[in-house]
Amino acid sequence: MSFSSNATYFNGQKVEDFNIEKGISNPAIAYRFRTDYDGEQDYVIKALNRFLEDPKFSQVQNFVIGMWSDEHDDSPSPILELLATNKAKLQQIKGIFFGDITYEENEVSWIENTSHAVLLEALPALEVYQVRGGNGLLLGKLHHQGLKKLIVQTGGMGSDLLAEVAQADLPNLTHLELWLGAENYGFSGTVEQVMATYRGTKANHLPALNYLGLRNSEIVDKIAAALKDDPILERIETLDLSKGVLSDVGAEALFDNPSIKNLKKLNLQHNYISDDWAEKLNDLGVKIDLSERNTEEEEDYRYVEVGE
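The end of the sequence shown is residue 304 by the working numbering, with every number in the run present.
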């Protein structure tokens, strides 16, 4: 499975494709900018320029970048540079979703990305940043006072990106969601590097965090074991290990971890947990999502939900 549909809502606002002829008809909409197959290669740039020049643009709070090119090897660097160049106009922006791309447009593992540091550095008031596509993806030195939610969706996350998150200074981040993916599609981290994303390399890393998502992972059993008595479980409300290949091994590690009971919610949706261990987990007294259990699949046929 992969991303089968485009976003209909983002950061609390309805998403609609931007019409370059009509411009901004409703500033409360999160407009999406994307091209089609055989469309103009610079259409997204043209549409964004029209967007930025619209008299109502100062009222806009969120927007979405979809498929920026029908050429699979094109990076979004020109779009990022355009937005950063116009940073003075963008200071009211609260949320950006960069890469609202379905598998029919481009498989997630084929999306060619780049460093998004120039945009993140340009928008200190930004609160929500969501990005999809791991090839070449970097976020730079994340010293951002405003960011509250960071979502990175990949079919395989590189170790360089994991290191950037581990070194980040994000004092107001409440929601960290990393789609780690599989080695076959670019995941190159270790369990220790994954855990460092929220533990950090310095004291008091991510002090405001209350949601931790280490999703879509083929090493989720090892992550579950590494969470044994982790202090993070004393302060977050939600642990999300969904969309990966969690098996009875990981289920047992979670069951034997007394700190799990501190959570308000444990999301294990899309897993390979047996009926017996599912029943035991349900007895933990924590709100738990065990949907999409694939109990019959042998180990060689277990896959993360979003890979290719």
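Be aware that one or more of the hints could be misleading.
Restricting the straight-line Cα-Cα distance to at most 30 Å, the calculated cross-link-like pairs of lysine-lysine (DSS-like) are [said to hold, decoys possible]:
no., residue 1, residue 2
1, K198, K137
2, K144, K198
3, K198, K276
4, K85, K42
Per label pair, the in silico range of CB-to-CB distance [claimed, not checked]:
no., residue 1, residue 2, range
5, D66, K18, 37 to 47 Å
6, E179, D285, 47 to 57 Å
7, V114, S155, 50 to 60 Å
8, E17, Y297, 44 to 54 Å
9, G281, K42, 51 to 61 Å
10, V114, D272, 46 to 56 Å
11, N45, K276, 22 to 32 Å
12, S54, E293, 48 to 58 Å
13, D272, N168, 34 to 44 Å
14, A113, N45, 49 to 59 Å
15, A204, S21, 56 to 66 Å
16, D285, N22, 43 to 53 Å
17, Y39, A121, 41 to 51 Å
Since the hints were made in silico from the structure, they are not lab data. C-beta atoms are modelled at their ideal positions from N, C-alpha and C, and glycine is treated no differently.
#### Entry: Hint check for A121 and Y39 - Cβ pair distance inside 41 to 51 Å
Since the Cβ atoms of Y39 and A121 sit about 28 Å apart, the hinted range of 41 to 51 Å is violated.
### Query
Does K42 lie within 30 Å of K85 when you go C-alpha to C-alpha?
holds (16 Å)
### Range agreement (Cβ of E293 with Cβ of S54, hint 48 to 58 Å)
holds (52 Å)
### Query
Within 30 Å, alpha carbon to alpha carbon, are K198 and K137?
holds (14 Å)
### Query
Between D285 and N22, does the beta-carbon spacing fit 43 to 53 Å?
violated (34 Å)
### Message
Assuming the hint says 37 to 47 Å, is it satisfied by the Cβ distance from D66 to K18 or not?
### Response
With a Cβ separation near 24 Å, D66 and K18 fall outside 37 to 47 Å, so the hint is violated.
### Message
If I claimed the Cβ atoms of A113 and N45 lie 49 to 59 Å apart, would that claim hold in this structure?
### Response
violated (22 Å)
### Query
Is the gap between the beta carbons of D272 and N168 within 34 to 44 Å?
Between D272 and N168, where Cβ atoms are some 42 Å apart, the hint holds.
### Query
Okay, G281 versus K42 on CB: inside 51 to 61 Å?
holds (55 Å)
### Query
Can the restraint linking K144 and K198 be considered satisfied, given a maximum Cα separation of 30 Å?
holds (19 Å)
### Task
Starting from the hint 46 to 56 Å, judge whether the C-beta atoms of V114 and D272 obey it.
Roughly 51 Å apart at Cβ, these two residues keep to the hinted range, so it holds.
### Query
Within 50 to 60 Å or not, the Cβ separation of V114 and S155?
Once the Cβ atoms are compared, 22 Å apart, the range 50 to 60 Å for S155 and V114 is violated.
Of the numbered hints stated above, those contradicted by the structure are hints 3, 5, 6, 7, 11, 14, 15, 16, 17, listed in ascending order.
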